[in-house]
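First to last, the sequence lines map onto chains A and B. The letter at position 152 of the first sequence is residue 152 when you use our numbering, and the numbering goes up by one with no holes. Just add 296 to the spot in the second sequence (first one is 1) and you have our numbering.
Heads up, a few of these hints could be off.
If you anchor each label on the Cβ, the simulated ranges turn out as follows [stated by the list, open to error]:
hint	chain 1	residue 1	chain 2	residue 2	range
1	B	481	A	101	56 to 62 Å
2	A	101	B	354	48 to 54 Å
3	A	109	B	360	39 to 45 Å
4	B	354	A	115	20 to 26 Å
5	B	583	A	2	53 to 59 Å
6	B	432	A	87	35 to 41 Å
7	A	111	B	435	55 to 61 Å
8	A	136	B	584	28 to 34 Å
9	A	111	B	481	32 to 38 Å
10	A	122	B	481	36 to 42 Å
Worth flagging that the hints you see were computed from the coordinates, not collected in a lab. Note that the Cβ used here is the ideal one computed from N, Cα and C, for glycine as well.
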Amino acid sequence: MSLDLFFQYLFAGITYGSIYAIVAIGFNIIYNTTGIINFAQGEFVMLGGMISISLLPFMPLPLAIAGAVAITMVIGALMEICFIRWLESPSVLRMIIITIGISILLRESALHIWGESIRSLPYFYGNEISAFTIGSVRFSPQVLWVIIACGLMVIALSIFFKMTPVGREMRACAANRTAALLCGISTRNMVTLSFMLSAGIGALAGCVMSPITYTQYDIGTTLAIKGFTVAILGGLGNYPGAVAAGILLGTLEAFSISVVPLAFQDAVAITILLLILFIRPHGLFGSSEAARLKDF
Amino acid sequence: MSQGIQYIIVALSVVCLLLGSSLSALAETIKIGAIFAVTGPASFLGGPAARSAEMLVEQINQEGGINGQPIELIIKDSAGSSERAVSFARQLIEEERVVAIVGPSTSGESMAVKIIAEDARTPLISCAAAEVIVDPVARYVFKTPQKDSFAAQKIFAEMQRLGIDTIAIAAGNDGFGKAGKEQLEKLAPTFGITVAASETYDSKATDLSALVAKLKANPNIGALVNWSIVPAQAIIAKNIRQSGWDVPLFQSHGFGNIKYAEAAGVAAEGIIFPSGRLLVADSLPEDDPQKAMLIQYITEYETRFQEKASAFGGYAYDAVNIVVEAIRQAGNDREGVRDAIEGLQDFAGIGGVFSFSPEDHNGLDIDSFVMLTVKDGKFTLYERQ
Chain A
1 MSLDLFFQYL FAGITYGSIY AIVAIGFNII YNTTGIINFA QGEFVMLGGM
51 ISISLLPFMP LPLAIAGAVA ITMVIGALME ICFIRWLESP SVLRMIIITI
101 GISILLRESA LHIWGESIRS LPYFYGNEIS AFTIGSVRFS PQVLWVIIAC
151 GLMVIALSIF FKMTPVGREM RACAANRTAA LLCGISTRNM VTLSFMLSAG
201 IGALAGCVMS PITYTQYDIG TTLAIKGFTV AILGGLGNYP GAVAAGILLG
251 TLEAFSISVV PLAFQDAVAI TILLLILFIR PHGLFGSSEA ARLKDF
Chain B
297 MSQGIQYIIV ALSVVCLLLG SSLSALAETI KIGAIFAVTG PASFLGGPAA
347 RSAEMLVEQI NQEGGINGQP IELIIKDSAG SSERAVSFAR QLIEEERVVA
397 IVGPSTSGES MAVKIIAEDA RTPLISCAAA EVIVDPVARY VFKTPQKDSF
447 AAQKIFAEMQ RLGIDTIAIA AGNDGFGKAG KEQLEKLAPT FGITVAASET
497 YDSKATDLSA LVAKLKANPN IGALVNWSIV PAQAIIAKNI RQSGWDVPLF
547 QSHGFGNIKY AEAAGVAAEG IIFPSGRLLV ADSLPEDDPQ KAMLIQYITE
597 YETRFQEKAS AFGGYAYDAV NIVVEAIRQA GNDREGVRDA IEGLQDFAGI
647 GGVFSFSPED HNGLDIDSFV MLTVKDGKFT LYERQ
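I would like the entire structure built from these sequences, with the hints used as guidance.
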């Protein structure tokens, strides 16, 4: 393998990886406050892309993205309020099944609203064929947007959860619901907030990746599987871990093409998921001590 | 008293008889069945197909139906599932007693329904691409879309003219991609073309830059043929142009919808692909046998449904037209309709000019395809340099 090809694969891998990481971060937020996996996360990504595309004819791009993020956050909140909030001491499994149901509901509604055609936002900078060159390696400017969005999200979330009172309250809920309740934290509100936050992050991801991957009513499922793999690989609830794991998985997938046909890309991802679940269920970057204290 | 009961019985039986005769008068509508994937993953095929078929039947009925008898088109939505297509086919044949079935939209469904149509001796006019539907020929099964092998041959002939002798093939891992890849690999040697690399990718892939990097690293490759549906066919176009690889990109006839070219934006410029004449109807010469029908179909479809007409709707339009023509000749009889379809000659449709024979149940020849390219965001005839 020539050096050029090596770097070209590397960049392709980073592109895939940051897309996966961004989806994985959404999984982690809800996991951190509720201890559940929200399988409708991929649908938030799809909704973000679709809504921003629909808003674009009426407003400039940044506003359309902001609007899409806001609307998806409302949808996330409604989803929690309608389906999860009123449950009496819900079990983890029950909540997960509910999120699967909601994901199907959202997907089918999207099919009815937007149809089956593929859509995309315009490139934020340049167009479909423009590329930046480093040495002989070329990559689309949109990849930089994805990487920047991904980096900013991790930094912002880390600050939010460590520094702000609301962030601390959300973490308290995740650590021990009853104790948090005794301290006067409204756990129900915190759960709603976490759904809003992860819906917003999913929507933002859907907007920045739309020019690269296109948006179609059913992209959510594939993205959710990859994002889930990455979230597990990085250790559930661990944001920098998700980014590292995302880029690791993306790079592995990109390099695997030099050995096996590209159609096996998903097989690579699933094999890694299975291996991790068997060998290190707490993820590459998670702590086994902490994992033992959680129900799931 | 008992006489009273007898009167009632007689009266009732008279009423029954009257009802029966009026029912049989109703039954004189000609029933045509249709199975399309109106929803689900293949809805890009089934949606336009169902709309086109409905539109055509409505028109024929307004003009007085077939020999005075109105047509009843019974459309079933299979959502792309073979199981559903099979049970709908049974229902249409046994309960609705249709004279012929139009559809299904996908190759998998068509292959499943093929056996049922053969067993029940009911003509089936499939709207799906795969060659195996009519090769080997089944007595009651026909299809309207052009064959994959013609698309492959058309592409290779164009390459010969351009002096390209080494190519790479990329295909999606769905039925359409696999069938196309098989045809390409089989036919390349007969045109003296070497396939230097042949790659399959996930048809739901979100980025193909790694694949493009791999192919680009081989300097012998003079062109890439991609065989997939959206979104992959737009993604690969973008990734190739982003990587600065400047070989010609050929796509399958599945690229024939302006929405796909729009999705790829400037990256679609210069893509070469085979297609029916529908997309360039305006620029056809006046004496083209298809021109009048194409313009009529496009105008009617676009004014009525406010969306661009595509080849996919045309497949169903042709299928219904063929059945109607056969019924006009042979009456409301399955066996007669089958024979009439097989005997149709020089029947101008949307996909091409159909001439069926006992050996050929597709009825189209390679000239039903023309090579198109994308120029300034529009489809135009590919001018040979």
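Each hint tested on the structure:
Separation of residue 481 (chain B) from residue 101 (chain A) is about 44 Å and departs from the stated range, judged on CB atoms against 56 to 62 Å. Checked against the hint of 48 to 54 Å, the C-beta distance between residue 101 (chain A) and residue 354 (chain B) comes to roughly 39 Å, which is inconsistent with it. The hinted window of 39 to 45 Å between residue 109 (chain A) and residue 360 (chain B) holds, with their beta carbons roughly 42 Å apart. Checked against the hint of 20 to 26 Å, the pair residue 354 (chain B) and residue 115 (chain A) passes, with Cβ atoms roughly 23 Å apart.
Checked against the given bound of 53 to 59 Å, the beta carbons of residue 583 (chain B) and residue 2 (chain A), roughly 55 Å apart, stay inside it. For the pair residue 432 (chain B) and residue 87 (chain A), the supplied restraint of 35 to 41 Å is violated, since their beta-carbon distance comes to about 59 Å. For the pair residue 111 (chain A) and residue 435 (chain B), the beta carbons lie near 38 Å from each other, so the given range of 55 to 61 Å is not met. Taking 28 to 34 Å as the suggested C-beta distance range, the pair residue 136 (chain A) and residue 584 (chain B) does not conform, at roughly 48 Å.
Here the CB-CB span from residue 111 (chain A) to residue 481 (chain B) is close to 35 Å, well matched to the stated 32 to 38 Å. A hinted range of 36 to 42 Å for the beta carbons of residue 122 (chain A) and residue 481 (chain B) is consistent with their spacing of about 37 Å.
The structure fails to meet hints 1, 2, 6, 7, 8 from the earlier list, while all remaining hints are met.
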